[in-house]
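Q: So the chains spell out like this:
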Amino acid sequence: MSLSEAQVRHVARLARLALTDEEIDGLGAQLDDILSYAEKVGQVATVDVAPTSHPYPLANVAHVDEARPSLPREDALANAPRVEGNRFHVPRIVGEEQ
Amino acid sequence: MTTTATRYEVVIGLEVHVELATETKMFCGCRTEFGGEPNIRTCPVCLGMPGSLPVPNGEAVTSAIRLGLALGCAITPRSQFHRKNYFYPDMPKNYQISQYDVPICENGRLEVPTAEGAAEIGVTRVHMEEDTGKSMHVGESGRIRGASHSLVDFNRAGIPLLEVVSEPDVRSAEQARAYLAELRGIVLALGISDAKLEEGSMRCDANVSLRPMGTEAYGTRVEVKNMNSLRSLYRAVGYEIDRQTVLLDAGEEVVQETRHWDEAAGATSTLRAKEEAFDYRYFPDPDLVPIAPDAAWIEELRAGLPELPAEIRARLTSTYGLGAEQAVTLVDAGLGPLLDEAVGAGAPPSEAGKWLANEVLAWCRDEGVEPADVPLTGEQLSELIDLVDHGALSTKLAREVLPGVLGGEGSPAEVAKARGLEQVSDEGELGQMVDDAIAAQPEAAAKIRAGNDKAIGALVGAVMKASRGQANPQRVNELLRERLGI
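Residue numbers (this note's numbering), protein chains in the order written: chain A, 1 to 98; chain B, 99 to 584.
Treat the hints as calculated values from the structure; they're not laboratory data. Keep in mind it's a predicted model, so treat the numbers as computed, not measured. Don't take every hint at face value.
[Stated by the list, open to error] If the Cβ cut is set under 10 Å, some of the chain B residues that face chain A in the computed set are:
1) M147
2) V159
3) F179
4) L386
5) T417
6) L528
Every residue, glycine too, gets a C-beta built ideally from N, C-alpha and C.
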């Protein structure tokens, strides 16, 4: 497994990271190491072993549908860099509309 | 305005989001109410605070399985949640918890009645996910373009959603409308959502493409958003079919993009072009363990499913003898239970069906009342029909009594009395009016005496007019015949 420079730049862009050329080289190599390490699983996994999404042998953990108290609004907004009209003030969004 | 172009085959797939009517959010204990002050129903989980852990809502899982069963889906023995990664301030975690390659329900189908005949639409999957927060764009347009900044309210963030994805089996605007209506009817029958298209508790996106008739390969598809009623889905899809037909006829290409339906303008416009496929980097959410419903529990849920719209329609036509079209109208409006109630109270099914499909629905439309919430009991409807049957009210007068009953003025008999709408059957009063009519039209009376039966209509009409419609026409007829000796 060897990541191309273009792939590293693509991943960086998806993560909204502005990287210098040196960082691309360095981080690209590190990403490669991580991927080769994870690839080892592929050597032992066989077709009759289902992919594991969680390390614990647990399933069906659920909460009962009964309301619990929410945060007081002051607390909810306490970490907001800016607040306007009791809403989180976020910078101009360019791109898709939802 | 939908073109029935025979040159192209229409290919539509629908994605429907259903907001569940659970008490709490999908992964935390915050309430799911609609509206209210911004940011009053949030907690560390739905605000995406570091260290907080999501726990799925058991009731939402139950709702997902019940909807899957109602749609004839296979329930996945072991499904899981994925993270859908994207940067947008409406999700504070920078990802939405959703399901990806192993959704909870797969491979269903929905048979929908349409004006063009029944259509069978495949249901690819039903999966669980969480809703996003609500952004308000600040600027002149109120739209995202040209906004100076945006304001986010996270009350809605984390509300449980089911996404129902259809196969590209829908072939017309009418089928699209019928599919959404049928799905909505099922959701309402299950009681898992209030499914209000106008308020966004049920939302529908349509992927529309055309291909030359007789070919297999799909044409370029356009995603149309922002339809908030069955009618607007029908119009938006019809518009999009016409738009693409014109482009293809002119030898131009359809651009793959997302378009926004503008209800007032009756047109779609470009929202965003899809230059590249979104790269959401889905991966299993390590905070959540798999959902592995027990087979016995699934069967229990299946056995507990309510009567679904298709079954109700079949019963209304076979047992009650209603027409297929009227059965669709009544079931779509959620009036099945009221009809059953009225029949249970003694009303003839055909009469009760007629009243509900015509007068009651028209009143709901005029008053802006959800038909399923109409303030009428089966007992009241049955009484109204009975009054007409026994001649105490003419059909015309009964139509005037109904709004009074719906307005909470009392039982049909009480409203008729209070509004002075009771049919006049009093012999003395009627006899006087009959005598007056004979005196006023001696020629007609002579004709009748001479054996011209048809002439009696003129005299009955005169009495009805004199009584301002309140005379019992049958009794008038009898009295006239008595007086004229025929």
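Q: Hints broken by the structure, by number, lowest first?
A: 5 and 6
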